[in-house]
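S.K.: The primary structure of each chain is shown beneath.
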Amino acid sequence: MQTPTVISGEDFQKFREFFHRKTGMLFEDSKRYFVDKRLLERMTATDNESFRSYFTMLRFQASGAELQTLINAMTVNETYFFREEYQFRCLVDSILREVVARRSSSRPIRIWSVPSSSGEEPYGIAIYLLEHWPLLEKWDVEIISSDIDTRILEKARNGLYADRAVQNMPGPLLKKYFRRVGSHYQISRSLQEAVEFTRVNVHDAADMRSHRQFDVIFCRNLLIYFDDLSRKRTAESFFDALNPGGFICLGHSESMSRISSLFQIRRFPEAIVYQKPLEAR
Amino acid sequence: MALKRGQPTPADHSPGERQEPRDLETLLQTLLDGDPMKRRWAARDLADHPTAAVALATQLQHETDTTVLQIIISSLGCIANDVAVRGLIDCLYLEQALLRNTAIEVLKELPEPVAPHMGQLLQDPDPDVRIFAVNVLESLRHSNVEEWLIGVILKDDHVNVCATALDLLSEVGSPRAREALQALKQRFPEEPYIQFAAELALKRIGVE
Chain D
1 MQTPTVISGE
11 DFQKFREFFH
21 RKTGMLFEDS
31 KRYFVDKRLL
41 ERMTATDNES
51 FRSYFTMLRF
61 QASGAELQTL
71 INAMTVNETY
81 FFREEYQFRC
91 LVDSILREVV
101 ARRSSSRPIR
111 IWSVPSSSGE
121 EPYGIAIYLL
131 EHWPLLEKWD
141 VEIISSDIDT
151 RILEKARNGL
161 YADRAVQNMP
171 GPLLKKYFRR
181 VGSHYQISRS
191 LQEAVEFTRV
201 NVHDAADMRS
211 HRQFDVIFCR
221 NLLIYFDDLS
231 RKRTAESFFD
241 ALNPGGFICL
251 GHSESMSRIS
261 SLFQIRRFPE
271 AIVYQKPLEA
281 R
Chain A
1 MALKRGQPTP
11 ADHSPGERQE
21 PRDLETLLQT
31 LLDGDPMKRR
41 WAARDLADHP
51 TAAVALATQL
61 QHETDTTVLQ
71 IIISSLGCIA
81 NDVAVRGLID
91 CLYLEQALLR
101 NTAIEVLKEL
111 PEPVAPHMGQ
121 LLQDPDPDVR
131 IFAVNVLESL
141 RHSNVEEWLI
151 GVILKDDHVN
161 VCATALDLLS
171 EVGSPRAREA
181 LQALKQRFPE
191 EPYIQFAAEL
201 ALKRIGVE
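As you go down the protein sequences, you meet chains D and A in turn. Residue numbering for the first sequence follows UniProt numbering, starting at 1 and increasing by one per position. Residue numbering for the second sequence follows UniProt numbering, starting at 1 and increasing by one per position.
Chain D extracted, bound-state conformation (with noise of 0.2 Å):
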């Protein structure tokens, strides 16, 4: 087939309103370039010559196929240590500061971080805990870290990660809880034993079911993967699984109140987070 033609001033304006409205990601002028050419990809990828046929496609396609993919090669999907760090700063100095504000027993807070992916981000809070939350001194923390898919649960439980993976990591932390293997990083036997890593899907209602009592959820940049009725099932999930009070933390490209209103919005001084209302049972 022919390449397709370029994207229109109009066509991007079109695309970025509908784009916004379905993922809440929304882009800048100054992203034109990145935009167009995975519109162009995607359009040669479908078949599709011009932009308007593309966009019927992704707008009516009963499956929702394309957007999915689109959103796909929109997004970034690289994790690593310390990614979005400022949510962790908000958990040390906002967050944690509330929970033990109001706990009247000494029962662990507990923490679920989901999707696990190769566990940079469970790992990742337990050393933001261990190295800048001095009440840890006092409070149990308990971490927890799901994902549906097992073969990545077993490479999180290996912790063992490539150069890129700790890029972000300070080199005297990184010298505290990694040991280097080869060409890799091997973290550290206490951390290992101090998450547990669980297989969960958030659509299953059994599986969810077992995963409660939580005081604060770190569920980044997944639910953008979902279609809108499965994102507010989930969301209502996350609910039931949060103590009164309990916060969420999503991706920064997410909002809460774009999916449900079961929530209420907290501006802290480092991040915008999801709170179950503290007299919701």
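Selected chain D positions facing chain A (in silico; Cβ < 8 Å):
1. Glu17
2. Ala62
3. Gly64
4. Arg110
5. Asp140
6. Val141
7. Ile144
8. Ala194
9. Ala205
10. His211
11. Arg233
12. Ser260
Listed below are the simulated BS3-like cross-link pairs for lysine-lysine, each with C-alpha atoms no more than 27 Å apart in a straight line:
13. D:Lys175 x D:Lys155
14. A:Lys185 x A:Lys155
15. D:Lys176 x A:Lys4
16. D:Lys138 x D:Lys176
17. A:Lys203 x A:Lys155
18. D:Lys175 x D:Lys138
19. D:Lys31 x A:Lys203
20. D:Lys22 x A:Lys203
21. D:Lys22 x A:Lys108
22. D:Lys22 x D:Lys37
23. A:Lys203 x A:Lys185
24. D:Lys37 x A:Lys203
25. A:Lys4 x D:Lys175
26. D:Lys176 x D:Lys155
27. A:Lys4 x D:Lys138
28. A:Lys155 x A:Lys108
29. D:Lys155 x A:Lys4
Restraint-style ranges between C-beta atoms, simulated for each label pair:
30. D:Glu193 x A:Arg86: 53 to 63 Å
31. A:Pro192 x D:Ala206: 52 to 62 Å
32. A:Pro189 x D:Ser255: 37 to 47 Å
33. D:Leu174 x A:Thr64: 49 to 59 Å
34. D:Arg151 x A:Ser143: 37 to 47 Å
35. A:Gln195 x D:Ile265: 31 to 41 Å
36. D:Ser63 x A:Pro192: 33 to 43 Å
37. A:Glu190 x D:Asp204: 49 to 59 Å
38. A:Arg86 x D:Leu174: 51 to 61 Å
39. A:Pro192 x D:Gln13: 19 to 29 Å
40. D:Arg151 x A:Glu191: 58 to 68 Å
Simulated from the structure, these hints should not be mistaken for laboratory data. It should be emphasised that the depicted structure is a prediction, and the values quoted were computed from it without experimental measurement. Yeah, the Cβ is synthetic: ideal placement off N, Cα and C, and Gly gets one too.
With chain D's structure known, arrange chain A on it following the hints.
M.R.: Quick look at chain A alone, frame taken from chain D:
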């Protein structure tokens, strides 16, 4: 104190909301329980029972807890049979914006079940309901969307309904909509927004 390896929640460790059996009959009873958390869980689990649509739609009219109401709406969306869709459509007539908007969001995800009702909704005597119907079209993955919108801007007398449809047409409109857009401009010559938005839609449709 320290980092401890956590465990999934033991079944007997939670405060009782799922201790009843999860069969249809018990769930339907639990949907009427005094405890909103039990009702919420019942509403969620009833999504697996299409025959529960009647009970869920009925409970929509009586439920007082907004968290339970939202779950009922999601469950009706999962069931998505005709009873469930009618229950969701009834929400368009509610005063509570939260529920109405939640129902609109769910209806948007149900193109085939919603399609048979759309013609009637777009002719509802209440212009607000017609606007909500256009809101449903916003993300409805159905091949008739443009045709429904063209119908609205050709025939609806209410300027706000037409303006809502016009906004969406500027996104999904094809050359098929061009004549209707021109006609709309003539029907509302004194409405600056209609003039502006119709021009924008025409510009986006282009000259092909």
